[in-house]
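Peer 1: Order-wise, the sequence lines are chains A, B, C and D. Residues 1 to 309 in the UniProt record's numbering are what the first sequence lists, from first letter to last. Residues 1 to 309 in the UniProt record's numbering are what the second sequence lists, from first letter to last. Residues 1 to 309 in the UniProt record's numbering are what the third sequence lists, from first letter to last. Residues 1 to 309 in the UniProt record's numbering are what the fourth sequence lists, from first letter to last.
Where hints are given, some of them may not hold.
For chains that are exact copies, the list does not tell them apart, and a pair is met inside one copy or across any two.
Claimed, not checked - Straight-line Cα separation of at most 20 Å, EDC-like style, residue types lysine to aspartate or glutamate; simulated pairs:
id, residue 1, residue 2
1, K284, E105
2, K103, E185
3, K284, E104
4, K284, D248
5, K23, E136
6, K33, E104
7, K23, E148
8, K228, D55
9, K33, E185
10, K228, D147
11, K77, D154
12, K228, E296
13, K84, E105
14, K228, D26
15, K77, E105
16, K103, E296
Note that these hints are calculated values from the structure, not bench results.
There are 4 protein chains.
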Amino acid sequence: MTDLQAILDGIHAELSPRIGEGKVADYIPELAKVDPNQFGMAIATVNGDVYSIGDAAVPFSIQSISKVFMLTLALGKVGESLWKRVGREPSGTSFNSIVQLEKEEGIPRNPFINAGAIAISDVVLAGHEPREAIGELLRFVRYVADDETISIDDRVARSETQTGYRNFALANFMRAYGNIHHPVEHVLGVYFHQCALAMSCQQLAKAGLYLAARGSNPITGHSVVSPKRARRINALMLTCGHYDGSGDFAYHVGLPGKSGVGGGILAVAPGIGSIAAWSPGLNKVGNSQLGAVALEMLAARTGWSVFGD
Amino acid sequence: MTDLQAILDGIHAELSPRIGEGKVADYIPELAKVDPNQFGMAIATVNGDVYSIGDAAVPFSIQSISKVFMLTLALGKVGESLWKRVGREPSGTSFNSIVQLEKEEGIPRNPFINAGAIAISDVVLAGHEPREAIGELLRFVRYVADDETISIDDRVARSETQTGYRNFALANFMRAYGNIHHPVEHVLGVYFHQCALAMSCQQLAKAGLYLAARGSNPITGHSVVSPKRARRINALMLTCGHYDGSGDFAYHVGLPGKSGVGGGILAVAPGIGSIAAWSPGLNKVGNSQLGAVALEMLAARTGWSVFGD
Amino acid sequence: MTDLQAILDGIHAELSPRIGEGKVADYIPELAKVDPNQFGMAIATVNGDVYSIGDAAVPFSIQSISKVFMLTLALGKVGESLWKRVGREPSGTSFNSIVQLEKEEGIPRNPFINAGAIAISDVVLAGHEPREAIGELLRFVRYVADDETISIDDRVARSETQTGYRNFALANFMRAYGNIHHPVEHVLGVYFHQCALAMSCQQLAKAGLYLAARGSNPITGHSVVSPKRARRINALMLTCGHYDGSGDFAYHVGLPGKSGVGGGILAVAPGIGSIAAWSPGLNKVGNSQLGAVALEMLAARTGWSVFGD
Amino acid sequence: MTDLQAILDGIHAELSPRIGEGKVADYIPELAKVDPNQFGMAIATVNGDVYSIGDAAVPFSIQSISKVFMLTLALGKVGESLWKRVGREPSGTSFNSIVQLEKEEGIPRNPFINAGAIAISDVVLAGHEPREAIGELLRFVRYVADDETISIDDRVARSETQTGYRNFALANFMRAYGNIHHPVEHVLGVYFHQCALAMSCQQLAKAGLYLAARGSNPITGHSVVSPKRARRINALMLTCGHYDGSGDFAYHVGLPGKSGVGGGILAVAPGIGSIAAWSPGLNKVGNSQLGAVALEMLAARTGWSVFGD
């Protein structure tokens with residue numbers, strides 16, 4: 001598929017003058033230090049090919065994109081009973097809102113807002129020490145990406161631990177409703193470490209490939225989830241993956257996706273491939289500005305939108 | 001595609017014992033009179049074939065499904081500037097909530113909640129008398145369905161006019177913010193009449209076919225919208241089409257869809273076909289109980305989910 | 001009590017340079033025309049004396065102050081059963097918020113926010129034509145003020161009718177919950193006319209005297225309500241009389257009071273007297289800026305605060 | 001004033017059959033153990049007399065009543081600048097709601113809801129170790145009550161520390177907005193200890209006397225606050241002292257008051273005296289059921305309501 005490389009190169013050329021746009025997340029001190037003048041993109045196809053442009057080999061903090069992997073782990077652990085602990089509906093509010101938690105008595109709206117991901121961390125933590133749960137996630141991500149070099153950036157994890165008051169608030173609030181079962185410090189220990197996973201676009205595209213390929217990684221042959229579960233995770237990414245910008249992403253891009261405040265976005269073209277885009281500058285709703293634009297261009301030029309070609 | 005008829009027959013046989021499940025909408029007096037023991041389904045494919053089962057030829061009140069056609073009309077009239085008047089995000093609240101309207105100063109979250117659809121009616125009304133706007137919609141629906149027998153049930157429209165206090169509240173509230181430009185009575189006159197469109201599953205499946213077929217009706221050859229706009233309407237249906245049950249529908253069915261309290265659901269399989277299901281009994285979130293189940297079965301058996309096969 | 005006149009004169013002298021401060025309400029066209037350079041104040045004591053300064057004889061639109069008289073009428077009509085229709089708690093929101101109405105299913109928080117006053121209008125309307133209910137209120141206000149010249153400004157009533165979309169929204173919303181029993185147009189007809197009562201500070205101070213004097217007007221000897229009911233209306237004025245500025249008014253002035261967007265404030269010093277202050281310019285929370293300052297000065301200089309001298 | 005003792009005895013006799021009514025708070029394990037069959041009441045007058053009935057000498061956990069003393073301390077420490085950190089308006093929500101905190105960006109509505117009291121603890125903590133701040137409060141309460149035997153129940157403090165997840169949520173949430181300056185554990189250490197103050201009705205009535213007596217304790221002659229500040233604290237108690245039941249308490253009792261989930265209520269009759277009532281069973285809004293009834297009877301029989309006799 002030389003076409004794909006050509007399409008990526010075209011996007012790269014077109015976006016080059018705009019690299020540096022948007023605003024780097026500043027509420028996590030370590031993230032605020034990242035150089036905004038970076039942009040990369042990688043596609044891993046179900047055929048086993050990988051295409052990339054720009055800074056596609058540079059590791060960045062995947063932040064909330066990790067919620068996709070943790071959701072996969074939690075579903076593997078407790079199955080559909082997970083949905084007693086967390087909902088499956090878009091929230092209509094920002095990523096760290098606590099309002100709906102009060103109205104809905106400690107049950108977060110979906111696994112991709114902070115409260116939901118914290119509840120998921122609590123599920124994954126069951127029967128483990130925090131260190132073990134973090135290890136389990138790291139092994140899982142290395143497994144799906146088929147890359148043993150992936151690691152966690154401890155400085156980022158520490159930075160979030162020291163400043164993540166709002167996440168402490170969310171976790172304590174859910175604990176008050178009985179929807180967090182472990183000590184809040186343990187749960188957030190897991191949560192902050194998962195957010196601090198450092199991956200490049202190339203690693204991330206490969207890691208997400210199982211979602212595009214009926215639940216199995218076509219390169220390694222490893223089965224990760226059933227086809228049905230892969231579809232369902234994709235559905236959740238499409239409806240809830242970009243916080244209160246999910247509708248907009250579906251409208252413009254038309255692919256299941258999950259963004260992180262580190263500037264990364266993981267998108268899935270079912271049956272075709274997995275795409276990672278990264279540029280640290282964020283738009284007003286907290287998603288990578290250039291990443292979203294690049295994905296919109298890609299979807300338009302490939303006809304990959306799930307909503308029609 | 002004899003397969004498709006066999007799949008539909010299988011669904012029909014399996015669901016027969018359950019016909020009558022759910023609760024018929026009772027807040028509109030005329031709808032409360034509908035016999036709950038009805039179930040029908042029809043598929044119109046991009047190849048021009050139509051398959052159906054059960055009460056697929058019985059007209060019912062399409063109610064909120066009409067919001068898809070009105071959105072199409074409004075986009076045709078004012079283009080993307082429509083999005084100054086209404087948002088594109090899931091609401092996270094029930095279909096008739098007024099709370100978000102206050103917080104977001106009269107701009108409804110999306111075109112598929114009541115407030116959004118009322119704003120859309122106001123857009124379609126521009127330059128028209130109410131009667132003309134209703135006529136325009138009726139002509140449009142007859143055109144896309146290629147069926148001149150489709151009509152509006154005046155008793156239903158009257159019934160809603162007399163009891164739709166909450167819609168009067170929404171319209172007046174938006175007018176207070178300047179987001180309704182015409183007299184509230186006129187706007188709601190249009191709105192109540194669009195909801196009172198009576199269509200059968202067969203008519204509805206054909207009417208929705210342009211959304212599955214890159215914006216054109218493959219049977220008549222009529223071009224309705226551009227491929228891009230068809231994709232975008234599908235995206236909105238998937239993220240916002242079932243009110244606060246949109247995430248759940250995406251999770252279980254995996255197709256863009258729009259439900260109505262009359263018990264109908266219109267779903268779109270891009271590139272494949274348009275599906276209408278109908279059964280008057282509603283589930284807890286106000287969508288057709290059997291309709292949703294039937295669509296889930298269909299998607300599972302055909303592999304039509306947009307999120308992977 | 002020559003002292004009182006001296007105190008009023010002192011306040012007048014001190015505030016003279018500030019007359020014109022604040023912002024005249026502009027959302028009701030007729031009110032926007034009022035000259036901001038006006039200030040008046042009157043005190044009617046339980047001994048039958050009346051003191052006044054400035055423009056105390058100039059009639060102005062009392063607006064929401066009328067809610068005190070309507071509440072008195074409604075309690076006379078249905079007694080304590082009134083509290084099934086409306087609450088008695090501060091709202092924590094602005095005067096025209098609709099949010100709490102949804103959460104609390106059509107029962108407004110208290111009689112002094114718009115929704116509550118509209119429900120009260122519906123109660124007073126029972127068994128009457130709108131014209132009769134308006135007549136009953138006018139007779140009542142003339143009776144308690146002992147002044148047959150008090151009238152309703154029809155231009156103001158008309159102006160509100162034509163622009164009061166938000167009140168139409170509130171009324172329709174409550175009607176949807178069954179908490180408005182009459183046609184919305186009738187209820188709002190009464191509501192808009194009560195708001196359009198035109199009274200001077202002198203008339204208003206006398207009209208409120210029954211609340212300071214155990215329920216009876218000491219000048220005319222007319223009994224209006226029982227001592228217990230007078231106390232209770234005062235309690236409601238103190239906790240809810242200034243919308244979301246009620247706590248602030250209690251903190252700074254320490255008297256039961258009710259403000260209107262026409263720039264008037266009626267305050268009650270139980271056992272001592274009734275005070276009316278007026279200046280059209282409003283502060284940020286929608287209460288008369290100079291009126292509130294003048295009352296704070298009066299309370300400080302007389303020791304009339306109900307919270308101690 | 002033998003009358004007062006007679007009135008108290010009458011109330012005691014009348015309420016005796018009802019002792020045990022209501023529901024003891026069970027969300028703090030230590031409080032859940034309290035015997036519900038207790039009732040006491042004490043009045044300390046500005047003349048220096050103390051009247052009491054029932055279990056007026058039994059110490060109980062004053063819980064939120066301590067917020068009155070902490071507010072007094074904080075105002076003494078930072079004066080009116082305190083109001084940059086906390087508002088002065090009724091909340092319209094329950095005592096531990098977090099919703100308004102998000103809307104109002106970390107500034108609690110008033111000092112008497114949990115969030116507000118936690119912010120006040122942070123203010124009192126400035127320049128101190130937690131132990132010192134707790135010591136300062138204890139000294140202050142002993143001073144105003146003129147009673148060195150008053151102490152803090154460490155088991156209650158510990159019990160709240162271990163289960164107070166919601167308060168941890170509130171504190172972390174405010175810290176995220178920069179409205180908590182000290183480590184959350186320190187602030188809540190102070191907060192939980194203040195709530196665990198154990199006092200009898202007699203001690204509490206004497207401790208609150210300065211609020212009834214122009215800011216000074218007439219028995220000891222100690223000056224605590226200025227007359228103006230005493231009035232203002234009373235105003236806050238009246239508008240905000242009973243969470244979302246403040247309007248109801250003002251309506252039925254007509255005195256500034258502050259309740260605690262331990263079943264105590266402190267009320268103030270300005271210029272007359274300070275009253276403490278206690279019975280562990282709570283009503284639906286979380287205030288002492290019999291305590292509120294007893295105070296309503298007392299106000300009715302004495303004519304002490306601030307809203308008229």
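Peer 1: Hint by hint, which ones does this structure get wrong, listed from lowest number up?
Peer 2: Violated hints (numbers, rising): 2, 5, 6, 7, 8, 9, 10, 11, 14, 15 and 16; every other hint is consistent with the structure.
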